[in-house]
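S.K.: The lines below spell out each chain.
There are 2 protein chains.
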Amino acid sequence: MKYHTQMEAARKGIITPEMKKVAAKESIDEETLRRKVAEGQVVIPANRNHQRLDPEGIGEGLRTKINVNLGVSHDCPDFEAEFEKVRKALDLKVEAIMDLSSCGKTREFRKRLLETSPAMIGTVPVYDAVGYFDRELTELTAADFLKILEIHAEDGVDFVTIHAGINRETVAHLKLNSRVTNIVSRGGSLLFAWMEATGNENPFFEHFDRVLEICREHDVTISLGDACRPGSIADATDSVQVQELIILGELTKRAWEQDVQVMIEGPGHMALNEIAANMTLQKKLCHGAPFYVLGPLVTDVAPGYDHITSAIGGAVAAMSGADFLCYVTPAEHLRLPTLDDMVEGIIATKIAAHAADIAKGLPGAKEWDLEMSKARAALDWEKMFQLALDPEKARRFREESLPEIRDTCTMCGKMCAVRNTNLTLRGEKVGV
Amino acid sequence: MKYHTQMEAARKGIITPEMKKVAAKESIDEETLRRKVAEGQVVIPANRNHQRLDPEGIGEGLRTKINVNLGVSHDCPDFEAEFEKVRKALDLKVEAIMDLSSCGKTREFRKRLLETSPAMIGTVPVYDAVGYFDRELTELTAADFLKILEIHAEDGVDFVTIHAGINRETVAHLKLNSRVTNIVSRGGSLLFAWMEATGNENPFFEHFDRVLEICREHDVTISLGDACRPGSIADATDSVQVQELIILGELTKRAWEQDVQVMIEGPGHMALNEIAANMTLQKKLCHGAPFYVLGPLVTDVAPGYDHITSAIGGAVAAMSGADFLCYVTPAEHLRLPTLDDMVEGIIATKIAAHAADIAKGLPGAKEWDLEMSKARAALDWEKMFQLALDPEKARRFREESLPEIRDTCTMCGKMCAVRNTNLTLRGEKVGV
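Keeping their order, the protein sequence lines are chains A and B.
Numbering of the first sequence is given in my numbering, commencing with residue 1 and proceeding in unit increments.
Numbering of the second sequence is given in my numbering, commencing with residue 1 and proceeding in unit increments.
None of these hints come from the bench; they were simulated from the model.
Check before you lean on any hint, since a few could be wrong.
One copy or any two copies: either way a pair holds, since identical chains are not told apart in the list.
For lysine-lysine, the following DSBU-like pairs were computed, each having C-alpha atoms within a straight-line distance of at most 35 Å [claimed, not checked]:
hint: 1; residue 1: Lys284; residue 2: Lys93
hint: 2; residue 1: Lys374; residue 2: Lys12
hint: 3; residue 1: Lys175; residue 2: Lys429
hint: 4; residue 1: Lys374; residue 2: Lys175
hint: 5; residue 1: Lys147; residue 2: Lys374
hint: 6; residue 1: Lys360; residue 2: Lys105
Could you build the full structure based on these sequences and the hints that come with them?
M.R.: Structural data, given as C-alpha cells:
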C-alpha cells in the first residue's frame, strides 16, 4: 500500500482513482485537485472499506455538496422507514448521508447502509456509544469512546463527527459567558455531561493522537464538530463559538501532520449579516479547511419552515466560503422528519447549494439555468419539467390547473408575457 | 385641504395622522419620518378614498413590508375563492394586497376589497383596461389607459404599478440586446405589444404629467414598474434592465416635483452575487426612492419551490436596501396559486423580511427571536407555539409525533441537547 489517506497520496504526488473521478465530475484539472487535497483545502471522504462509494470532493472551487441525516432511534426504530428515506435520498442524488442512529441495531443499520449507498456515509460515533456498550453515559470510559470510533472506521464510514473542540478550556469559557441556548449540539451536550460528571477531559481531545491513528488507518475524514454552535441568533459569533473554533483550527493542523483529512462543522443559528464574516473567520482560523454548515438559520421564529430559514443562510454561507451544507427539514425543532419532510429539506438545500454555485461562477452551474430559461421562453413545458429540480412536483402543479390557452399557464392565461412578447417580436397580433 | 399628498404635507412641515400612526408602529421619531417622506425615502401609500386603511410606511429605516397578489381572472373568476385568500392574507397581517384582477367584474371586486382591507391596496390598471372597455388591446387609446388609471384612483387604490419606463428608447435597447427571456412583465408586455402595433409612444410615459395629476389628486403612490425586469439569471443586470432603471430614476424626479410619492419595482431573476450591487444601483439611479422587489429568484431551475428561491433572494435584497417584498408562491411559473400556496408564499416572504430586519438591526426585530430562543431553552413548547410565525403548523407538526420524554421532541428524544445541558448545568444526572 503506497498511501493510507487521500491526503498522504496527494502529498506524495499520487493522483488516486478517487481524485480522477472527482476531477472529472467537477471538470477541473487532476493536478489542481491533487494540490488542493495535499494542502487540505479539499477532502475526498473515502473509507477504504466503503466498496460501493462513488467518491465526491468537498472544498474550495468544487460544487457545494449536501448531506441528509437519518437513522434509527428510540422514537423511530423502524429500519424500513429509514431505508425508504435512504432510497429516496439516493434517487435525489445527495452526495452524503449521515447515519445518526442512536438506538437499537445500529451496527446492522450502518452496515446495510454502507452496502447500499454510493453516497459518502458519515456518523457521529458518540451517539452510538451508550447503546453499543449498554451502559449509562457516565459509566463509559475514554477507551469506550475510542473503541466505538474504531468500530465505525472499520465498518467503512467515510467521515465522522468528532466533538474534540469542547475541551476543559472551552467549557470554562462557556461557564464565564452567559448564553441563551447553551449547547444545542447533541454530541457536544453528551460529552459536556460526561466531562462534568466524571471530571475528566474530553476523551477525543485528550486522546486526539489515537483518534488520528484510527482515522489514518482507514482514511476516515474527521468532521470536527462544533459542540458550541449557536442555537439562537443571540448566541451567534460569541466568544464561546469562536473559542471552540480556535481549538478546532489547532486540531486541524495536528490532523494534517498525520495526513488525516479534516473538515470543520459550523453554525447553527445566525443573523444574515454575520454569515460572510463567519465564513472568513473559519477559513482563516482553520487554515482553509473545508467548511460544513448546518444552516445557518437566519431567524429563530419559524419552526415548521426551517428548511427555508436555513436555505437562506446556507445559500449566503456557500457563496461566502462554505463547501458542504447539511440539510434542514420543515420538522426541525419539532419532531423527526417524515419522508415528505426529507424531500422538502433536500430540495431546499439543493436550491441553496446551486444558487451559491451560480454566484461563485462554478463551471456548469448557470448553464442549467440557461437551458431552463430557454425552455421557458419557448413555452416548452415538457422540457421545463425535465430540467426542473423536482420534475414530478412541477408537472403535478401545472396539471392541477390547466389554462384555456394550452401553451400558457393559469397565472396569466392569454395575458402571458412570454407568449405575447414572442408574438409581438414576430410581428403577430396579440389577442387579449 | 392643506395638502394633496403625504409628500406635500411632509414638505410643508405637517405631520399627518398617517405619519403619526406609522411612526408609532415603527418606534421612530415623527419628525424623522416626516423628513424621510418629504425627501422621498419613505412612502406612505394612503389614498384619500381608502377609508378602512391602517397606513404603513415603506422605505429606508422601516421594517420590510410584504405584498400578496390575488384577484379574479379568466381562468379563475371565482370571487369567493379570492376573498377567502383576502381574509387569510389579512389574518396573516400582510401589509399590502395587489388586486391583479384582469377579467370579469373587476371593479366590483376592487371596491369590495377596498371596503374590506386595512392593508394597503395596489393595482396594475393596464390589466383591467381590455376588460373594462371591452375592446381589443390594439384598439385602446392613450386616453383609455389614463381613464382606467383615473377610475382606480377614484376607487381608493393606494398604489398603482405604472410601466412608464418601457418607452421607445428602452424598446430600442431591447431590440439591440438579445435576451433569453425578453419581457416577462405582464403589464410591460401588454404595453410593448400596444406600442409595436400602434407605432405610438408608451402612453404612461408620453402623458406622464397627466398620470401625476391623477395620482396627486387622490394621493396614489406610483410604483414604477420594471417592464424589463430579468426573467432569467442570464438576463439580470443587463443593459436593457439598467436602461429602463435610468428612465425610472428620471420619472421619479418628475413625480417628486409634483409631490407624488414613488417607489420603484425591481427584479426578478438574479444570481445571488449580483443582488447587493443591484440594490445600490437602484438607490443611486432612483435617488433613494423605496425599492419594491419581486424575488429576486436566485435560480431558474426550481419551479414548485420558487417561494424558496425568492426567499433567499428577497432576504439578501432587503438586507442590502430593498424595502418591500412581493410574495412568490410555490405555484410561480406553473399555475395560479391555491390558498395553501398563498400561505406558504406569505410565510416564506415574511421569513425573508424578518431575517433582513434582524440583519439591519431594526428595533424589535431580534427581540422576537430572543423570546423564542428563551422559550426553546426552557423547553416551553406552548410559548414556542405562541411565538412561531405559523403557530398552527408548528403545533400540528409536533403533535403528529410525540416523544416518550414529553419535554423533548422525537428528533433527539432523551438525547435532547437542550434538556441534557440544562440538567448538567444544574448538576443533575443525565440519563441517556
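S.K.: Each hint: holds or not?
M.R.: For each hint, the structure was consulted:
{"no.": "1", "hint": "Lys284 to Lys93", "result": "within (31 Å within a copy, 43 Å between copies)"}
{"no.": "2", "hint": "Lys374 to Lys12", "result": "neither (46 Å within a copy, 52 Å between copies)"}
{"no.": "3", "hint": "Lys175 to Lys429", "result": "between (74 Å within a copy, 18 Å between copies)"}
{"no.": "4", "hint": "Lys374 to Lys175", "result": "between (57 Å within a copy, 18 Å between copies)"}
{"no.": "5", "hint": "Lys147 to Lys374", "result": "neither (55 Å within a copy, 37 Å between copies)"}
{"no.": "6", "hint": "Lys360 to Lys105", "result": "neither (42 Å within a copy, 49 Å between copies)"}
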